[in-house]
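Got chain S sorted already, so can you dock chain E onto it with the hints?
Order-wise, the sequence lines are chains S and E.
Each residue of the first sequence is one higher than the one before, counting from 692 in my numbering.
Each residue of the second sequence is one higher than the one before, counting from 692 in my numbering.
I should point out that these hints are in silico values taken from the structure, not numbers from a laboratory.
Since this is a predicted model, take the numbers as computed values, not measurements.
Each hint should be verified, as a subset may be incorrect.
Which copy is meant is left open, because identical chains are indistinguishable; a pair holds if it fits in one copy or across any two.
Keeping only pairs whose Cα atoms sit at most 27 Å apart, straight-line, the calculated DSSO-like set for lysine-lysine is [what the hints assert, rightly or not]:
#1 Lys831 x Lys783
#2 Lys831 x Lys747
#3 Lys788 x Lys831
#4 Lys820 x Lys747
#5 Lys718 x Lys747
#6 Lys724 x Lys767
#7 Lys788 x Lys747
#8 Lys724 x Lys783
#9 Lys718 x Lys790
#10 Lys831 x Lys812
#11 Lys820 x Lys718
#12 Lys747 x Lys724
Number of protein chains: 2
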Amino acid sequence: MKKILPALLVAASAALLAAPASAQFAKSEDAIKYRQGALFVMSQHFGRLGAMANGKAPFDAKVAQENAAVLETMVKLPWAAFGDGTEGGKAKPEVWKEKAKFTEHADKFQAESAKLVAAAKTGDLAQLKNAFGPAAQSCKACHDAFRNR
Amino acid sequence: MKKILPALLVAASAALLAAPASAQFAKSEDAIKYRQGALFVMSQHFGRLGAMANGKAPFDAKVAQENAAVLETMVKLPWAAFGDGTEGGKAKPEVWKEKAKFTEHADKFQAESAKLVAAAKTGDLAQLKNAFGPAAQSCKACHDAFRNR
Numbered sequence: 692m693k694k695i696l697p698a699l700l701v702a703a704s705a706a707l708l709a710a711p712a713s714a715q716f717a718k719s720e721d722a723i724k725y726r727q728g729a730l731f732v733m734s735q736h737f738g739r740l741g742a743m744a745n746g747k748a749p750f751d752a753k754v755a756q757e758n759a760a761v762l763e764t765m766v767k768l769p770w771a772a773f774g775d776g777t778e779g780g781k782a783k784p785e786v787w788k789e790k791a792k793f794t795e796h797a798d799k800f801q802a803e804s805a806k807l808v809a810a811a812k813t814g815d816l817a818q819l820k821n822a823f824g825p826a827a828q829s830c831k832a833c834h835d836a837f838r839n840r
Numbered sequence: 692m693k694k695i696l697p698a699l700l701v702a703a704s705a706a707l708l709a710a711p712a713s714a715q716f717a718k719s720e721d722a723i724k725y726r727q728g729a730l731f732v733m734s735q736h737f738g739r740l741g742a743m744a745n746g747k748a749p750f751d752a753k754v755a756q757e758n759a760a761v762l763e764t765m766v767k768l769p770w771a772a773f774g775d776g777t778e779g780g781k782a783k784p785e786v787w788k789e790k791a792k793f794t795e796h797a798d799k800f801q802a803e804s805a806k807l808v809a810a811a812k813t814g815d816l817a818q819l820k821n822a823f824g825p826a827a828q829s830c831k832a833c834h835d836a837f838r839n840r
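For reference, chain S alone in the conformation it holds in the complex:
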């Protein structure tokens, strides 16, 4: 028994840590606020890279690299805040009804963003231009399918 109890506690802790991501938030409003905040911050840095890629802002390699570094962190964050029981905000019910499709879109966006981050980090405008389009397209595809206007 002395040996079993610690083992059970370890198992219980592991289960707690492996709890659904939604459990990271005290209430569903926090999850909604978190994902909206993370997506908005992300969109600003994404947009600054886009402005340079599209010639609407002067290209500056250092600024591109700084925005890419922030984007690299931000693209990982919103998804854990779409857990079960956190329906609402601008998210369509399809996020939860078609989870596999939503995850596929989110994964595609993250993959394209990783390419954009890598391109921006090279400091080469041509590479930034090449990578921006597909990344922006993957934003839009997910918004069209899963976000209310």
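Just chain E, lined up with the frame of chain S:
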């Protein structure tokens, strides 16, 4: 003249890039939304470190390190969104009236957070506990002085 014009254009571009941080936002509402989003996302990761530091959540070195990595990026973000002309949201007018004091608080918070991030990255709970208090205190000090309830 042929030589002066490009030089002027370079100077103009440099001035544009050195424009106040508020100019990074298309409108002041965007700056407010950005800083509120960044601060909220930050607070969630900060709070998860706090829960472990205070024994309200089981300590897991990997989870602490993951939250610290996000915090490291997030602590840099909100400040550029408090530029001139972006008054509003929960921010008191003192943010703009007492800029030096606000910057001092923001710098103090960032310095304490850097220590918290470093402590969390060691994977040592004792270090996390030591660093959390001063970091949390620096959040509160800034909120007390500069945020409306």
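Hints versus structure:
no. : hint            : in the structure
1   : Lys831 x Lys783 : within (14 Å within a copy, 36 Å between copies)
2   : Lys831 x Lys747 : within (20 Å within a copy, 40 Å between copies)
3   : Lys788 x Lys831 : within (20 Å within a copy, 40 Å between copies)
4   : Lys820 x Lys747 : within (12 Å within a copy, 47 Å between copies)
5   : Lys718 x Lys747 : between (40 Å within a copy, 16 Å between copies)
6   : Lys724 x Lys767 : both (16 Å within a copy, 20 Å between copies)
7   : Lys788 x Lys747 : neither (39 Å within a copy, 33 Å between copies)
8   : Lys724 x Lys783 : both (15 Å within a copy, 21 Å between copies)
9   : Lys718 x Lys790 : within (21 Å within a copy, 35 Å between copies)
10  : Lys831 x Lys812 : within (23 Å within a copy, 36 Å between copies)
11  : Lys820 x Lys718 : between (40 Å within a copy, 25 Å between copies)
12  : Lys747 x Lys724 : between (31 Å within a copy, 23 Å between copies)
In summary, the structure is inconsistent with hint 7 from the numbered list given earlier, while agreeing with all the others.
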